[in-house]
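Engineer: Residues per chain, in single letters:
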Amino acid sequence: MDNLQGLALDRNTGWILLAIFGVAWVALGIFWGRKAKNHEGFSLAGRNVGMALGAATTMATWVTSNTIMLAPKFALEMGVWGMLAYSTASFGLFLFAPMAWRIRRLLPKGYTSGDFIRLRYGRRVWVLFLLVSGIYSIAWLVTMAMAGGVVLQTLSGIEYRFGMSVILLVCVLYTLFGGLYAVIGTDFIQSLIILFGVVIVGIAAIWQVDLSSVHTHLMTEQPALLDVLMPVALLALFNNLFFGFGEIFHNNVWWTRAFALRGEISHKAFFLSGALWFPIPIAAGFIALCAAPLGINVIDADGVGPLVASHLLGSVGAIVVFVVVFCSLASSIDSLLAATSELFIRDVYHKWLRPQAGEVELRRLGSVVIILLGLITWLLSLPRLGELNLVLFLSGPLVASVIFPVLSGLYWARAGREGAFWAILSGSIVGLYTYFTIGWYAASLVSAVVSLLVVLVFAAFPRKPFDWQTLDEAQQQQSAK
Amino acid sequence: MGEVDSQEMTRIVAPVDAYVGMEPYVNDSGAFLLIWEYPDAQPLPVVVERADNDAFDNAAVLYRGGDDRTYVSGLPAGRHYFRVRLAGEFDSVFKDIPAPLVVDIAYQPLARVFTLMMLGALTFLATVVIIVGGTMCFKRQREREDARG
Amino acid sequence: MVFTESFFVFLIIASLAWTAIGGIILLCLWVRDARRKQLW
Chain Y
1 MDNLQGLALD
11 RNTGWILLAI
21 FGVAWVALGI
31 FWGRKAKNHE
41 GFSLAGRNVG
51 MALGAATTMA
61 TWVTSNTIML
71 APKFALEMGV
81 WGMLAYSTAS
91 FGLFLFAPMA
101 WRIRRLLPKG
111 YTSGDFIRLR
121 YGRRVWVLFL
131 LVSGIYSIAW
141 LVTMAMAGGV
151 VLQTLSGIEY
161 RFGMSVILLV
171 CVLYTLFGGL
181 YAVIGTDFIQ
191 SLIILFGVVI
201 VGIAAIWQVD
211 LSSVHTHLMT
221 EQPALLDVLM
231 PVALLALFNN
241 LFFGFGEIFH
251 NNVWWTRAFA
261 LRGEISHKAF
271 FLSGALWFPI
281 PIAAGFIALC
291 AAPLGINVID
301 ADGVGPLVAS
311 HLLGSVGAIV
321 VFVVVFCSLA
331 SSIDSLLAAT
341 SELFIRDVYH
351 KWLRPQAGEV
361 ELRRLGSVVI
371 ILLGLITWLL
381 SLPRLGELNL
391 VLFLSGPLVA
401 SVIFPVLSGL
411 YWARAGREGA
421 FWAILSGSIV
431 GLYTYFTIGW
441 YAASLVSAVV
451 SLLVVLVFAA
461 FPRKPFDWQT
471 LDEAQQQQSA
481 K
Chain P
1 MGEVDSQEMT
11 RIVAPVDAYV
21 GMEPYVNDSG
31 AFLLIWEYPD
41 AQPLPVVVER
51 ADNDAFDNAA
61 VLYRGGDDRT
71 YVSGLPAGRH
81 YFRVRLAGEF
91 DSVFKDIPAP
101 LVVDIAYQPL
111 ARVFTLMMLG
121 ALTFLATVVI
131 IVGGTMCFKR
141 QREREDARG
Chain A
1 MVFTESFFVF
11 LIIASLAWTA
21 IGGIILLCLW
31 VRDARRKQLW
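Residue numbers (my numbering), protein chains in the order written: chain Y, 1 to 481; chain P, 1 to 149; chain A, 1 to 40.
No lab work stands behind these hints, which were simulated from the structure alone. Glycine included, every Cβ here is placed at the ideal spot set by N, Cα and C. Some hints could be false.
Result set (SDA-like, lysine to any residue): computed pairs, CA atoms no more than 20 Å apart in a straight line [unchecked claim]:
id : chain 1 : residue 1 : chain 2 : residue 2
1  : P       : 139       : Y       : 263
2  : Y       : 268       : Y       : 108
3  : A       : 37        : Y       : 31
4  : P       : 139       : Y       : 468
5  : Y       : 35        : A       : 35
Simulated restraints, written as ranges between beta carbons of each label pair [stated by the list, open to error]:
id : chain 1 : residue 1 : chain 2 : residue 2 : range
6  : Y       : 131       : P       : 44        : 47 to 57 Å
7  : P       : 23        : Y       : 12        : 48 to 58 Å
8  : A       : 7         : P       : 76        : 14 to 24 Å
9  : A       : 21        : Y       : 480       : 44 to 54 Å
10 : Y       : 208       : P       : 28        : 32 to 42 Å
These stretches of chain Y come out as covered by chain P in the derived footprint (C-beta under 8 Å, 3 or more residues) [claimed, not checked]:
id : segment
11 : 99-107
12 : 235-249
Bound conformation, chain Y alone (with noise of 0.2 Å):
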């Protein structure tokens, strides 16, 4: 299926480039990894990320193979507010610029977003938040390490599980070795790769096609594409939106960094970011719309991004479309497993399984949980099912459940365990049920609204309101011996 309209690569060309990448990325990792002389250095960078390298590596672990692959699929699908509907995605990092200053302040010593939980809402709370942001990072790990494996197979021929492989070993070993500095240090070069790689396979688009003529195209030929009120694509808004916050919100890879960075400039730094992830889905995915108007035949939806460059571009647009690709899957992988690992070291075996662990066993532990979670990731990949994509999906209802939990908690002294705890349940079971009868594109939004309607209720009963001293942990253990 793959070869039906040739490889625009051929292997060996594909081979050399998965190997240059590889070392560079590996040699990296191992140069930086050095700054790292604890564990603290390992999993926060010495809390210390200046603003390009913050800015940077916040934006090229948001920009993941979906944003390179799926946009031109959107516009494809949904025409011009297709691809403005996916740009939203980036009011996520927008509006976590505030929400990091404010997690600065409440856990100047925090590590990670289930810290903040534990603290804030007790443990029952918290299991049902590792639960969901469990199932939701290793959906997205999977389908990641799986959309590396097809995206190399189809540009040059590399076999699936190969590709998969090599993709996901080079992330493990880089990651492996030089923690979150390795991460960030090649976050930034990749985003440097991502930006100016989208922008010359656009630029090569508009030399070859005439944009009024793909307009015209458009208008007799797809005028849904051009409709203002194209109604696909003004549903899929608001639930792309909150998916897209649930991610944001939640997840442990934005924390992170909330932590890693200076504290004066980490909400500048994601300022920033969103402002340098907005134009990308219109940039990466209007090259779809010139299919049509260029003669190109579109077999594939999933493949059309790749499909236009290469054959805008020849072996060339190919190339670029290829390392574009590694560097945003390998931006966003890298990043996952070391913030995953983290939630687990810290929340489960630190604070749950072994309080009396030390930094040496930490740091050690670690890297078997880095290889752990790789050796996972790899396993479910390698079957290379379908219906794992799906599991990425019904996550959206799941974590849009988190939202107002963790914005109650970071902003409402009223906020309590029990409104948290059923907004969080009850917004995943509705949020799953919309899914399955309405449809995916009512499902987070459905669940954002009622675990917002949950957390209002219960904040409406009179409690004692939280002190928000307890949250600085290291300050109360000080303040108790």
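Start from chain Y and add chains P and A according to the hints.
Structural biologist: Only chains P and A this time, still in chain Y's reference frame:
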């Protein structure tokens, strides 16, 4: 119309099998994958046409070539007819013209769209108010505490 | 009601320009942070 030999025709097999599903195929997204089979499974150049009438007057050519599928998107609401026929010098020879696939594009009703959008907009507003309002509130509080020393 | 041609062209050109400027801003910030020794 002359005798039609099904062995010599292309046959649309997806999104629905044109021979089995004579009912119109109803779609709410305006996008679907059109797949066809060749006679004797031999890839031959075909012409894929779309029209708004079953006589295929003023038909638009969607694709011309040897693939066995094409992704269709951006269709306006309403009834559309698709057919895939063998290309060649005898473009209009009867036996090359198979039964068309009838597609009804029926988008979600705008009332539902606007209801969900309204709900989304209100929840979005609540999110922004909680975050921005909360942050400003705590910023002021902090400044007061700092001023008091 | 449809998105007009001028809006369509503007959207695409602006997004490409914006993406490119984003990349340049990141590079400039990197140089600034490196000079001030504030990268990490």
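Engineer: Looking back at the numbered hints, which does the structure fail to meet, lowest number first?
Structural biologist: none
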